[in-house]
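Student: The sequence shown lines up with residues 11 to 312 when you count with the working numbering.
Hints in this document: simulated from the structure, not taken from any laboratory. You may find that some hints are simply not true.
[To be verified] Okay, derived cross-link-like pairs now, SDA-like style, lysine to any residue, Cα gap no bigger than 25 angstroms in a straight line: (1) Lys41 to Leu99; (2) Lys304 to Val72; (3) Lys304 to Pro285; (4) Lys210 to Gly57; (5) Lys283 to Thr246; (6) Lys210 to Val236; (7) Lys52 to Gly184; (8) Lys41 to Tyr51; (9) Lys52 to Lys130; (10) Lys41 to Ile63; (11) Lys130 to Glu34; (12) Lys115 to Ile91; (13) Lys253 to Arg290.
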Amino acid sequence: MNLIPREIKKINAFIKQPAEYLQERLTAKDKVRIFLVAISYKALFTGMVLFIIYLVDRYLLVLRGPLLSMQLWVILLYAVIIAPLFEELVFRLPLRYDRNWLWRKIEGWFRLKPRIFWAKNYRYILYTFVAVFGLIHLSNYSNEEFLFYLMAPLIVGSQLFGGLLLSYTRLKLGFWWGVAQHGCWNGMIIMLSLLLFHNKEVLQINREDLALSIHELGYLDRSEQVFRVSQLENGTINGIELKNSSLQQIIDSLYADNHLAVLNDTWLNLKLKAPKGIDRAVLLDVLKKQYRIKPVSDKKPR
Numbered sequence: 011m012n013l014i015p016r017e018i019k020k021i022n023a024f025i026k027q028p029a030e031y032l033q034e035r036l037t038a039k040d041k042v043r044i045f046l047v048a049i050s051y052k053a054l055f056t057g058m059v060l061f062i063i064y065l066v067d068r069y070l071l072v073l074r075g076p077l078l079s080m081q082l083w084v085i086l087l088y089a090v091i092i093a094p095l096f097e098e099l100v101f102r103l104p105l106r107y108d109r110n111w112l113w114r115k116i117e118g119w120f121r122l123k124p125r126i127f128w129a130k131n132y133r134y135i136l137y138t139f140v141a142v143f144g145l146i147h148l149s150n151y152s153n154e155e156f157l158f159y160l161m162a163p164l165i166v167g168s169q170l171f172g173g174l175l176l177s178y179t180r181l182k183l184g185f186w187w188g189v190a191q192h193g194c195w196n197g198m199i200i201m202l203s204l205l206l207f208h209n210k211e212v213l214q215i216n217r218e219d220l221a222l223s224i225h226e227l228g229y230l231d232r233s234e235q236v237f238r239v240s241q242l243e244n245g246t247i248n249g250i251e252l253k254n255s256s257l258q259q260i261i262d263s264l265y266a267d268n269h270l271a272v273l274n275d276t277w278l279n280l281k282l283k284a285p286k287g288i289d290r291a292v293l294l295d296v297l298k299k300q301y302r303i304k305p306v307s308d309k310k311p312r
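Work out the full structure: start from the sequences and follow the hints.
Tutor: Here's what the structure looks like:
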């Protein structure tokens, strides 16, 4: 068990003072251990960051992200294979001088002495790659508030720390170990999210005058999409059936003139039965107790 804290100390030392070459003879077993320690360390750090982000989202700033209108296999293909390979090629492969053809071109353009500037400033070069890698993940959100950008390092804190760990893995174990670690992490996050949040019941009302159930979904299945709304002659709603639709879609359908945005929009299955009808304003009040629905003057906050 002492091997784990020892490896974490080495990772912390690397974060404080990155080095291009980490001289250490490693067996296959050692490499697997380092690989697993790095993922575990990331999980511990991410857990703490997510708790803070939850508090931010709850009390300071609603973090808004676009809904992914992709099927599960597409999400897995992109997150586990395509994105890790592309991002490691861009942000980790160039961390070795011999692999960084662009840097060698820059040396030629500015007549820098080969390797001299690179060696003296390697720590800042690596930090720059990590910072850019982390900050591009701000594109996962659609917020435009000043506070959002002010809190950017916290919001993408998990990605910044992950960038440091992936750099350590890439330099100590090799490029493909970094790709594997990146893909495994993304796959773990997706599967955990599906286990915890897919088809999650968030609202259940069973009364004689109203039956309403809402189950949130982790991904979209277009083959199962249903969107039905029925109403009585007096204009009240007596039935809704949604499958693989977003809450924003039903809000736009029922309250088109109100210009409402669901700040925490999600894919869901929703079923409503109201034999005597339910007024739209009453239904909106019910939904507002579960979701953050605000009036807007345009579509940007969505």
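Student: Now tell me, hint by hint, if it's right for this structure.
Tutor: So, going through the hints one by one against the coordinates:
1. Lys41 to Leu99: holds, 21 angstroms
2. Lys304 to Val72: Holds, at roughly 11 angstroms.
3. Lys304 to Pro285: Not satisfied, since the Cα-Cα distance of roughly 29 angstroms exceeds 25 angstroms.
4. Lys210 to Gly57: holds, 21 angstroms
5. Lys283 to Thr246: holds, 12 angstroms
6. Lys210 to Val236: OK: Lys210 and Val236 at ~18 angstroms, within 25 angstroms.
7. Lys52 to Gly184: At roughly 18 angstroms apart (the allowed maximum being 25 angstroms), Gly184 and Lys52 satisfy the hint.
8. Lys41 to Tyr51: Holds, because 15 angstroms separates the two Cα atoms, which is no more than 25 angstroms.
9. Lys52 to Lys130: violated, 29 angstroms
10. Lys41 to Ile63: It is violated: about 32 angstroms lies between the C-alpha atoms, which goes past 25 angstroms.
11. Lys130 to Glu34: holds, 22 angstroms
12. Lys115 to Ile91: Cα-Cα ~30 angstroms, so violated.
13. Lys253 to Arg290: holds, 20 angstroms
Checked against the numbered hints given earlier, the structure breaks hints 3, 9, 10 and 12 and satisfies all the rest.
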